[in-house]
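**Student:** What follows is each chain in one-letter form.
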Amino acid sequence: MENNIQYSNIYAIALHHRFQWEEAQQSYVILFPEGMVKLHGGAGEILKRLDGKASVGDIVVELKAAFPDAEGIEADILGMFDLAVSKAWLRKVN
Amino acid sequence: MAQLNNGVAANVTQKQPLWLLAEVTYRCPLHCAFCYNPTDYDKHTKNELSTEQWINALRDARKMGAIQLGISGGEPLLRDDIEEIVAEAHKLGYYSNLITSGVGLTEKRIQAFKECGLDHIQLSMHDVTEDISNFITNTRTFELKKKVAAMIKAHGYPMVLNVVIHRFNIDQVGKILEMAEALGADYVELANTQYYGWSLVNRDQLMPTREQLNRAEAATNAFRERVGNKMKVFFVVPDYFSDRPKKCMNGWGEVFMIVTANGDVLPCHSARVLPGMEFPNVRENGLEWAWKESPAFTKYRGKDWMKEPCRSCDEQDNDLGGCRCQSYILSGDAEMADPVCTKSPNRHLIDEALLSSQNPLVREQPIIFRTDKNSKKYVEGDKERVEQFHALP
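Each protein sequence line maps, in turn, to chains A and B. Counting from 1, one number per residue, gives the positions in the first sequence under the numbering used here. Counting from 1001, one number per residue, gives the positions in the second sequence under the numbering used here.
A hint or two may mislead.
[Claimed, not checked] Pairwise CB distance ranges (calculated):
(1) K1108(B) <-> D69(A): 25 to 33 Å
(2) K48(A) <-> S1356(B): 40 to 48 Å
(3) R18(A) <-> E1107(B): 22 to 30 Å
[Unchecked claim] Far from chain A, some chain B residues (derived; all Cβ distances over 12 Å):
(4) Q1016
(5) G1070
(6) Q1122
(7) D1131
(8) F1142
(9) A1182
(10) D1186
(11) R1283
(12) E1284
(13) H1348
(14) L1361
(15) Q1365
Note that these hints are calculated values from the structure, not bench results. Glycine included, every Cβ here is placed at the ideal spot set by N, Cα and C.
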């Protein structure tokens, strides 16, 4: 982990970036100047829960409950936050 | 479609035109000597699509998956319905980008763009000095551009600067980046000139030396190291200085679709230079047919069109043979490997161009600016050098 993701951290989609569902691609995407990232299932599930209030810990709890059979989901979620912060798709709110 | 029995075709029709470029007008107040627009643009300036035709095109493309929208030209702000087009784009869910010289961007218009949901503005800048900036655009627009940059920032837009790089400004790259930083840029694209349209006509005058290019790249890397994540700098390498071709447009008919001022639908900016091609037009054809089935879009999609050396090349998936337009305009053969590739039998054309651009007699011929008058001469087939501007400011 490069970005020291803490359970108490709250993140939001970065300024000038937009997160939306794309019907034609059947996936969530992040849009920004000159670029687009297509998010595969799990990543979309995480980012759609960023409402400016939910902390990383809240999202971990919620996703564990929603996907009880997914093994190692916690590490995947933290890894996704780490990647998204490194790529500057997210900004820290608190 | 023509290749129904071939497994590849079934696969490639799944491609979506994610990027839609709307070249809404070819009229432009600037006269940049490096413009990639067709030299005969003058004949496309009279029959521009209406607002309603643009809105219908946006709707149809969105249904097919288009999501990034560039509104370009020419200078798009010469049309007074851009606000209306942007508002519709926003409603449809596009991430929209106005690509402008800044000329015509007033407080009133930028406020309207903000209200109707424009996502960002890409501004072209040309140099740190007023002399070079005004010279290469053949206008007095340097001070205006700086004011527009401040206006973009003040309205909370991401600041995206595009700087076309050529012999006249390449030694200033370090200073250009410092200027961008001072203007608060978030993204800077240092776009080394590629040679199509007007820039091809002026190739000998615009091409830098390899040493200049290396210095510019080093200056860019030093700047990146100092500034880090807060500003993204893209350095687009000019393909003449490479030994492998670019995967042009990320592949013909793979992700890009362009609708031009008069409604032609193109897989790339300069496709109309290719011989024997008939392009779809939104006045007569649906965009879905244009993308999936039109002969123009299927012709060079995938790899079936390839001949040797591309056909058996183990790098064919990396670059898809490079650029069809570049191959045609340099060699007369649209289906040959891009001359940039050292495996192409036409590589000597690139080497000769590099050499000729260093010949002091050739390089100091007059530059031909992108003006209506010069374009009319191209339309008439007069390829003579027509303007007596000298290449040095």
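**Student:** Taking the closest pair, is the beta carbon of R1283(B) still more than 12 Å from chain A?
**Tutor:** holds, 25 Å
**Student:** Classify the label on Q1122(B) as holds or violated, using whether its beta-carbon is more than 12 Å from each beta-carbon of chain A.
**Tutor:** At about 7 Å from chain A, Q1122(B) fails to clear the 12 Å cut-off, so the statement is violated.
**Student:** Compute the least Cβ-Cβ separation between E1284(B) and chain A, then decide whether it is above 12 Å.
**Tutor:** holds, 25 Å
**Student:** Measuring from beta carbon to beta carbon, are R18(A) and E1107(B) in 22 to 30 Å?
**Tutor:** holds, 25 Å
**Student:** Minimum Cβ separation between F1142(B) and chain A greater than 12 Å?
**Tutor:** holds, 24 Å
**Student:** Quick check for students: does the CB of A1182(B) sit more than 12 Å from each CB in chain A?
**Tutor:** holds, 19 Å
**Student:** Going by Cβ atoms, does D1186(B) stay more than 12 Å from chain A at every point?
**Tutor:** violated, 7 Å
**Student:** Is the Cβ of Q1016(B) farther than 12 Å from every Cβ of chain A?
**Tutor:** violated, 6 Å
**Student:** Any Cβ of chain A at or closer than 12 Å to G1070(B), or is the non-interface label fine?
**Tutor:** violated, 9 Å
**Student:** Mind checking the hinted window 25 to 33 Å against the Cβ distance between K1108(B) and D69(A)?
**Tutor:** violated, 57 Å
**Student:** Does L1361(B) sit more than 12 Å from chain A, CB to CB?
**Tutor:** holds, 40 Å
**Student:** Test the statement that Q1365(B) is away from the interface with chain A: the closest C-beta pair must be farther apart than 12 Å.
**Tutor:** holds, 35 Å
When each numbered hint is compared with the structure, violations occur for hints 1, 2, 4, 5, 6 and 10.
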